[in-house]
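Undergrad: Taken in sequence, the protein lines are chains A and B.
With the first letter of the first sequence counted as 1, position 231 gets the number 231 in the working numbering; the numbers rise by one all the way through.
Take any residue in the second sequence, count from 1 to its spot, add 1000: that is its number in the working numbering.
Think of the hints as simulated: they come from the structure by calculation, not from any bench.
Don't take every hint at face value.
List time: in silico DSSO-like cross-link candidates among lysine-lysine, alpha-carbon distance up to 30 Å [unchecked claim]:
id : chain 1 : residue 1 : chain 2 : residue 2
1  : B       : K1052     : A       : K351
2  : A       : K356      : B       : K1063
3  : B       : K1113     : B       : K1182
4  : A       : K356      : B       : K1211
5  : A       : K351      : B       : K1211
6  : B       : K1482     : B       : K1442
7  : A       : K356      : B       : K1337
8  : B       : K1182     : A       : K224
9  : A       : K224      : B       : K1337
10 : B       : K1326     : A       : K249
Pair by pair, the computed Cβ-Cβ distance ranges are [stated by the list, open to error]:
id : chain 1 : residue 1 : chain 2 : residue 2 : range
11 : A       : V220      : B       : P1358     : 16 to 24 Å
12 : B       : K1370     : A       : S284      : 30 to 38 Å
13 : B       : R1378     : A       : K249      : 33 to 41 Å
Quick look at which bits of chain A chain B covers, simulated, 3 or more residues with Cβ under 8 Å [stated by the list, open to error]:
id : stretch
14 : 82-89
15 : 237-245
Ideal Cβ placement from N, Cα and C applies to all residues, glycine included.
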Amino acid sequence: MRERKSFIELPFVQSILAALLCILLGLLIGFLVLLAINPAGAGEGIMAIVKNFLTYPSVPAQLKYLGNTLVKASPLLMCALSINFCYKTGLFNIGCAGQYVVGAGACLYAALAFKMPWIVCLLLAVVVGGLWGCAVGLLKAYANVNEVISGIMLNWIGLYLVNMLLSLVKDSASPYTQKVASVNQGAIMPSLGLSNLFSNNKYVTIAVPLAILIAILIWVVLNKTKFGYEVQATGFNKEAARYAGMNEKRNIILTLVIGGALAGAGAAFLYLTGYEEWSVTQSSVPAMGFNGIAATFLGALNPIGTIFSSFFIQHITSGGAYLDKSVYPSQIADLITSIIIYLCGFVLFFKLALNKSISKRKEKKS
Amino acid sequence: MLHITKLFPGIVANDDITLQLRRGEIHALLGENGAGKSTLMSVLFGLYQAEKGEIRKDGKPVKIMNPNDANDLGIGMVHQHFKLVQCFTVLENIILGVETTKGGFLQKDEAKKKVMALSDKYGLSVNPDAKIEDITVGMQQRTEILKMLYRDNEILIFDEPTAVLTPQEIEELMAIMKNLAKEGKSILFISHKLNEIMEVADRCSVLRRGKYIGTVDIKDTNEQDLSRMMVGRDVKLVVDKEPAKPGKPILQVQGMTVASKAHSNNAVKNVSFTVREGEIVCIAGIDGNGQTEFVYGLTGLEPLVSGSLTLCGQDITKSSIRSRSKLLSHIPEDRHKHGLVLDYSLEYNMVLQRYYDPKFLSGGVFLNRKAIREYSNRLIQEFDVRSGEGSVTITRSMSGGNQQKAIIAREIDKDHQLLVAVQPTRGLDVGAIEYIHKALIKERDEGKAVLLVSLELEEVMNVSDRILVMYEGELVGELDPKTTTTEELGLYMAGAKREEVRA
Ligand SMILES: Nc1ncnc2c1ncn2[C@@H]1O[C@H](COP(=O)(O)OP(=O)(O)OP(=O)(O)O)[C@@H](O)[C@H]1O
Ligand SMILES: [Mg+2]
Chain A
1 MRERKSFIEL PFVQSILAAL LCILLGLLIG FLVLLAINPA GAGEGIMAIV
51 KNFLTYPSVP AQLKYLGNTL VKASPLLMCA LSINFCYKTG LFNIGCAGQY
101 VVGAGACLYA ALAFKMPWIV CLLLAVVVGG LWGCAVGLLK AYANVNEVIS
151 GIMLNWIGLY LVNMLLSLVK DSASPYTQKV ASVNQGAIMP SLGLSNLFSN
201 NKYVTIAVPL AILIAILIWV VLNKTKFGYE VQATGFNKEA ARYAGMNEKR
251 NIILTLVIGG ALAGAGAAFL YLTGYEEWSV TQSSVPAMGF NGIAATFLGA
301 LNPIGTIFSS FFIQHITSGG AYLDKSVYPS QIADLITSII IYLCGFVLFF
351 KLALNKSISK RKEKKS
Chain B
1001 MLHITKLFPG IVANDDITLQ LRRGEIHALL GENGAGKSTL MSVLFGLYQA
1051 EKGEIRKDGK PVKIMNPNDA NDLGIGMVHQ HFKLVQCFTV LENIILGVET
1101 TKGGFLQKDE AKKKVMALSD KYGLSVNPDA KIEDITVGMQ QRTEILKMLY
1151 RDNEILIFDE PTAVLTPQEI EELMAIMKNL AKEGKSILFI SHKLNEIMEV
1201 ADRCSVLRRG KYIGTVDIKD TNEQDLSRMM VGRDVKLVVD KEPAKPGKPI
1251 LQVQGMTVAS KAHSNNAVKN VSFTVREGEI VCIAGIDGNG QTEFVYGLTG
1301 LEPLVSGSLT LCGQDITKSS IRSRSKLLSH IPEDRHKHGL VLDYSLEYNM
1351 VLQRYYDPKF LSGGVFLNRK AIREYSNRLI QEFDVRSGEG SVTITRSMSG
1401 GNQQKAIIAR EIDKDHQLLV AVQPTRGLDV GAIEYIHKAL IKERDEGKAV
1451 LLVSLELEEV MNVSDRILVM YEGELVGELD PKTTTTEELG LYMAGAKREE
1501 VRA
């Protein structure tokens, strides 16, 4: 009697299809916007965004810029994992952005002011990010403060604290922090030969494989462990979790600590490669934490899925840089990538629509 | 409905079912848990599309693709688990989807007039301005009924409307249904309670495991025949039991007081009693007299205001839920709120109270899927929990009665000295009720203590060894089911009679 589900009815196939659909629609709308602004360059423009590093004709150059995309995709992946993990407990960790910020502050300060080795800097970022998450968790568990509100407030508090702290290790001539690589080479994460694979792109470090490993680890924790069982039960039905004697307060706090630690590590994965410096005059929270939300949903709330979605979102974002600046104003690149990222959030909606059309088609057949 | 067939993964929920509903009749639908009653009604209401078969109304074939189509054809449904918006008022829920607007603004006053007129006409008293989350289930149900009437529906589907009502409310509902039928409305009525079917229905159709068994005229049948048709064997409606042999005390409740969420007064006031091993003590009472809060206090879901609890000699007044659950099993009143994680598979729900047991873990951290699967399969087998795909079925897709059976299986099988069973047979078919009653008595005979909280007089009289009546949060009487009558019990429950109860 057991009827085998056809391929297209499998949940993960549907998630992938829905994600692809979102991406296509996002690209289409992006294209239309380009068309409206300046029809002449629209086709090339959208292609430039999609191609990203493939714009370069030579393979070594392609590899090098693929490396750059990977370097920036790793912190994004970590932020996505942070949001994904908390979401499973029913918490929306919008404070991820702030946890990322304090992680950046901690690791940069340790690297520049105290000349710590990279592993200590990384651990500090993890701890401080975790503490930032813990604050949200404590407020939620003991004072019933909504995690979105406390998260957003802590984002700003974190940003300005970090700006203040990092002013102490600022480059004298620019608003940026000193270059980690020149001040303290020991704080740069080791590459273990990985940079050779990407045409000696020195920014490619073990951060990339580490982020992927952590994604797999998070998947295992969620799906295979006792803790994951509790986390998801709480997310699905808080009352039932309480009835089953799960310690709700502890789980809320623990989840947010882990979420914060992941985001903090994400920051270290970027700033300890030397790819970027922190601008102490920035007055907005880095987009990383927010793009993590899109990556989470595009990845269908699955840690393994977010590996791919984070890469894609970073790919598009980096691709924006190749938009012809003589045809389009430079903000357009951000606009287009934002549109695409925004649509990525609609995966669940598309999945539902997909399901409906499949069952309709089946009916017609019978 | 002609030759309706509906498939779900792993199961034929409806297999070639033909059902005819006459104008102005009350047609009962009877069948075991998971027989496919709710599914069949959902097909009629457009929630599911049947794989085969057609639906005709007044002889004309119709296509019902969604509840809006059903509504256009005058078909309305009250679901087994209500579908009301909790934070809306009664009135807003009634007009939801068919609001009359003027220039984009809601015309609530007119709607309110119509609702009040309907409510007067059919004796469906509701407070239109109360929020759903604040009103009793009885009033929620009347809201659902008004919702159908407001839409001028002429075919009304009631899916187990009486499962959550008090006996008084059931009486009222029966009268309302008869009234509606007299006006020419046709009613489809699902219930597991044979006496209700005998009282209101004109005809009754029986389903068994998705198949149509037959339709009988109520005049020509009786409860025994109906249950035989439904289960395929004779069912004992009253279980036999030996006299109880109570031993040493298991649970001692001393001066327990629990606060109320709804009002400033306490919901449970200074309650004291003892439950011994080898006896079934029942807390009887009309719904809303503090039983729910009492159980919350006992199981640790709510803190006590004052008083103490002793379980097997240990003071558990301040213990955590987890540590109480080592000695206490709890079949909760609300299976969807507390009892189940609906989005988990059945096997995950089967271990909800003991996933942390080393038996179900490997290395102390990882879930041992194999052990969980084997355990769940055993419970499914023993308690006859029916579902489409066994252990891996998502619990949300199971029939209401089978969800309940899963909880009972889990709680009875878990190690415990005291079983707290709140409305354990709510929504179960007669065969399953017989099984559960036997299981409760077996618990008792094995020397465990059972505390049963029930609203069903019959269940109270049949199963318990001792009855404690709760009225407005106080214990007002202790009765022996062998020497008392249902009438007397009723008087105590209504607060007309009371005596001192001491621990
Ligand atoms: N949405 C669904 N997806 C998969 N299976 C389903 C779904 N709904 C119902 N089923 C299965 O179909 C069968 C019939 O379920 P249904 O809810 O109609 O039973 P029922 O007769 O109403 O039982 P009860 O008296 O317990 O409410 C059950 O085995 C159930 O597991
Ligand atoms: Mg049902």
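Undergrad: Give a verdict on every hint.
TA: Against the structure, the hints:
{"no.": "1", "hint": "K1052(B) with K351(A)", "in the structure": "holds, 26 Å"}
{"no.": "2", "hint": "K356(A) with K1063(B)", "in the structure": "holds, 17 Å"}
{"no.": "3", "hint": "K1113(B) with K1182(B)", "in the structure": "holds, 24 Å"}
{"no.": "4", "hint": "K356(A) with K1211(B)", "in the structure": "holds, 28 Å"}
{"no.": "5", "hint": "K351(A) with K1211(B)", "in the structure": "violated, 34 Å"}
{"no.": "6", "hint": "K1482(B) with K1442(B)", "in the structure": "holds, 19 Å"}
{"no.": "7", "hint": "K356(A) with K1337(B)", "in the structure": "holds, 29 Å"}
{"no.": "8", "hint": "K1182(B) with K224(A)", "in the structure": "violated, 58 Å"}
{"no.": "9", "hint": "K224(A) with K1337(B)", "in the structure": "holds, 25 Å"}
{"no.": "10", "hint": "K1326(B) with K249(A)", "in the structure": "holds, 21 Å"}
{"no.": "11", "hint": "V220(A) with P1358(B): 16 to 24 Å", "in the structure": "holds, 20 Å"}
{"no.": "12", "hint": "K1370(B) with S284(A): 30 to 38 Å", "in the structure": "violated, 51 Å"}
{"no.": "13", "hint": "R1378(B) with K249(A): 33 to 41 Å", "in the structure": "holds, 34 Å"}
{"no.": "14", "hint": "82-89", "in the structure": "violated (count 0)"}
{"no.": "15", "hint": "237-245", "in the structure": "holds (count 8)"}
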